[in-house]
Amino acid sequence: MSTVASQVEVPAGVSLPIYMDNHATSPLDPRVLEAMMPFFTNKFGNAASRNHSFGWEAEQAVETAREQIAKLIGASAKEIIFTSGATESNNLAIKGIAEMYRERGNHIITQVTEHKAVLDTCKRLEKYGYRVTYLPVKADGLIDLEDLKRAIDDKTILVTIMAANNEIGVLQPIREIGKICHEKGVLFHTDAVQAVGKVPVNVIADNIDVLSLSGHKIYGPKGVGALYVRRRNPRVQIASQIDGGGHERGMRSGTLNVPGIVGLGKACEIAMQEMDSEAAYLIGLRDSLKAKLESELDYIHVNGTMEHRLPGNLNMSFVYVEGESLLMGINDVAVSSGSACTSATLEPSYVLKALGLGDDVAHSSIRFGLGRFNTQAEVDYVAAKVIDIVKKLRELSPLYEMVKEGIDLTKIEWQAH
Amino acid sequence: MAYSDKVVDHYNNPRNVGTLDKGSQEVGTGLVGAPECGDVMRLQIRVNPETQVIEEAKFKTFGCGSAIASSSLATEWIKGRTVEDALAIKNTDIVKELSLPPVKIHCSVLAEDAIRAAIGDWKKKNGVAEAAPAATTAQ
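Protein sequence lines correspond, in order, to chains A and B. Per the working numbering, residue 429 is the first one in the first sequence, and the count goes up by one each step. Per the working numbering, residue 1432 is the first one in the second sequence, and the count goes up by one each step.
Simulated from the structure, these hints should not be mistaken for lab results. Being a predicted model, the structure only gives us computed values, none of them experimental.
Just so you have them, the derived chain B footprint on chain A, three or more residues with Cβ under 8 Å:
| # | segment |
| --- | --- |
| 1 | 737-750 |
| 2 | 781-794 |
| 3 | 823-833 |
Note that the Cβ used here is the ideal one computed from N, Cα and C, for glycine as well.
Sequences are here, hints too, so could you generate the full structure?
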């Protein structure tokens, strides 16, 4: 009798389950937690309280965090607005600019593999009379800069293109995109939630006008993010989407989440210090994982370019094996799949489909998201486990058998259901 | 998502995995689903020409854990039944046995289709009249 249950040995020093889904969220760095702790208890002041020491203490902590965040992206502290996370930052940036620059134009340019926080925001603006161009991506996941140049017209007010993709880790050429935008006098917003702290991002050198980032992707807390809003050359204006006490220069009202902000600041400070060594470390782990899988398995391939990619990202399709069944076999490893069966919509990943992958290959994809706390021993275990399960599931796969027999699967009349 | 113990058991220890000679007169093959939908089942039966009893059933499935479990269970259930008895198996029986959640009901439908397709193929090969319109077979 065949069996899928795996008997791969767990190496010494590895405890299960293994977390390898750091694009979804990352564990809080203990150093971040330590910095945050006092602000939950005795340093509980409201940063907006101007007339007692509790408020001053909180305000000072917030301003320190603002400096730490600004430093990481080459901005000045006054250009940082705190939000509840990158979804809010993206909403605020896009809707706020659309509203503020409505008289200048109604055209926005984005691209198809953006996060839903950008795509759905753009879709809503379309209902309000804005025109949105969704640029395609090439098979490697990158946009074509010539497409961008052609798409900009005299009604274009904003280009919003992500710095790094959350599924395939592909790094868009933001510096060149920003340059094109500035030449044409169009604002450039980038959702940099996956890129900040992982690869160098500099708002000056990269010609970025508005940038979204989040705490929990960089070993900071959930529920806190920031928006960088350029103050000169050009001075960007954003219409607030949440009104109230006029916090954050009137752009985002609401009492500041002081412990969260302190944590975000500390996370940025650590990232600033450790980015280079951490990137080298993660590239080592990632390439080792890839090499191990490729040495043992056929019909696998990487989705998106390896050349312009986040250090910790590996997105691979294990063709002829369905992603959810693979996840089930490696259930002591936390990763993600682009399979429809793992999504609420029963549609395979729109990001992978945008690369031109067939639905069948998209169904077979796994995203490995390596992070600061992963080890080589974990990579060794995960590789062995994936290899074991893929081989077993392929013994179960009629498609694999047919391909091995030389049957062309595209010639079969499948019954879609 | 959480799987029922029975789904996990069939996934970990799938029954009757394999391939029968599809050229054999006694073998019926059903291939249902589509790769782009994320599940393809191939179910094969070897039928005793005298008794019309399904003496052997084999499957291979590309799909999620519930799809693998549904087809594995289907082979278990049809083995030893006559072809007419096997046709009585409904997808709802599979849903019940495996406690499939609503989003996985299509896996059970596919398993029922696979049974019908395999039997249909066998009937066609052996000139047995179709009792009811069955799902078409590939190949």
